[in-house]
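Participant: The listed protein sequences correspond, in order, to chains A and B. The opening position of the first sequence corresponds to residue 63 in the numbering used here, with each subsequent residue numbered one higher. The opening position of the second sequence corresponds to residue 937 in the numbering used here, with each subsequent residue numbered one higher.
Just so you know, the hints here were simulated from the structure itself, not pulled from any lab data. Heads up, a few of these hints could be off.
Said to hold, decoys possible - What follows is a list of derived Cβ distance ranges for each label pair: (1) Ala-965(B) x Ser-129(A): 25 to 35 Å; (2) Asp-994(B) x Asn-90(A): 22 to 32 Å; (3) Gln-937(B) x Glu-141(A): 41 to 51 Å; (4) Gly-945(B) x Pro-123(A): 25 to 35 Å; (5) Gln-937(B) x Glu-132(A): 34 to 44 Å; (6) Glu-132(A) x Thr-960(B): 22 to 32 Å; (7) Asn-958(B) x Ser-129(A): 13 to 23 Å; (8) Gly-125(A) x Lys-1045(B): 38 to 48 Å.
Note that the Cβ used here is the ideal one computed from N, Cα and C, for glycine as well.
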Amino acid sequence: EAQVTQNPRYLITVTGKKLTVTCSQNMNHEYMSWYRQDPGLGLRQIYYSMNVEVTDKGDVPEGYKVSRKEKRNFPLILESPSPNQTSLYFCASSSNAGGGGEKLFFGSGTQLSVL
Amino acid sequence: QKEVEQDPGPLSVPEGAIVSLNCTYSNSAFQYFMWYRQYSRKGPELLMYTYSSGNKEDGRFTAQVDKSSKYISLFIRDSQPSDSATYLCAILDNFNKFYFGSGTKLNVKP
Chain A
63 EAQVTQNPRY
73 LITVTGKKLT
83 VTCSQNMNHE
93 YMSWYRQDPG
103 LGLRQIYYSM
113 NVEVTDKGDV
123 PEGYKVSRKE
133 KRNFPLILES
143 PSPNQTSLYF
153 CASSSNAGGG
163 GEKLFFGSGT
173 QLSVL
Chain B
937 QKEVEQDPGP
947 LSVPEGAIVS
957 LNCTYSNSAF
967 QYFMWYRQYS
977 RKGPELLMYT
987 YSSGNKEDGR
997 FTAQVDKSSK
1007 YISLFIRDSQ
1017 PSDSATYLCA
1027 ILDNFNKFYF
1037 GSGTKLNVKP
């Protein structure tokens, strides 16, 4: 089954404790991206990657890191989480953004709480 | 100014009603416009996308883009309780960045 898999689904952590949210897709997609969703603010793009070893900042990259060492994986890293990073996070992939690749396939989300 | 602004709702309509969902955008260079539907506790799913001004129809759904006024709309005919969800407009810019509206929560009452 074609899918984007995020883990974990729920995460509670404390300020300053490094964490990683994993994302994996099995569709051989080139484009992958991370979003956070907050009430009243909608989905905001954190980082995106056009291909392996190519990453770019989205709208709200501060406090986050990503890496794209393999085509299928795109982990989101919070080196020192803070309470304002409490949010619902989504990973998504697409065959190629632009020129027909506008269909983003989303994972099921990760609800993160930073205390 | 945000790249895309969406009427926040929420909207509550009776079954069978016509629903209109609307967004405006800021940059006249934007070319790719999408509508995503998000059910509670799920990731968004693409409903429709279009590259150009005018209407695009898919069953009970019609996406409309007016580039002259930088306005995008989604119309749902004969709305059903299963259409109850949050609808997000989205734009892909020329640098492969996606911008989403804040979402409109729709409730269709049986």
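Participant: Go ahead and decide if the range 41 to 51 Å is satisfied by the Cβ distance of Gln-937(B) to Glu-141(A).
Facilitator: violated (31 Å)
Participant: Taking 22 to 32 Å as the stated bounds, is the beta-carbon spacing between Glu-132(A) and Thr-960(B) within them?
Facilitator: violated (39 Å)
Participant: Verify the CB-CB distance for Asn-958(B) and Ser-129(A) against the hinted window 13 to 23 Å.
Facilitator: violated (38 Å)
Participant: Indicate whether the distance between the beta carbons of Gly-945(B) and Pro-123(A) respects the range 25 to 35 Å.
Facilitator: holds (29 Å)
Participant: How does the Cβ-Cβ distance of Gln-937(B) and Glu-132(A) compare with 34 to 44 Å: does it lie in that range?
Facilitator: Between Gln-937(B) and Glu-132(A), where Cβ atoms are some 38 Å apart, the hint holds.
Participant: Does the beta carbon distance between Ala-965(B) and Ser-129(A) stay inside 25 to 35 Å, or does it fall outside?
Facilitator: Taking Cβ atoms as reference, Ala-965(B) and Ser-129(A) lie about 31 Å apart, which means the hint holds.
Participant: Taking the Cβ atom of Gly-125(A) and the Cβ atom of Lys-1045(B), is their distance within the range 38 to 48 Å?
Facilitator: Check passed, 41 Å falls within 38 to 48 Å.
Participant: So the hint says 22 to 32 Å: do the beta-carbon atoms of Asp-994(B) and Asn-90(A) match that?
Facilitator: holds (26 Å)
In summary, the numbered hints that this structure violates are 3, 6, 7.
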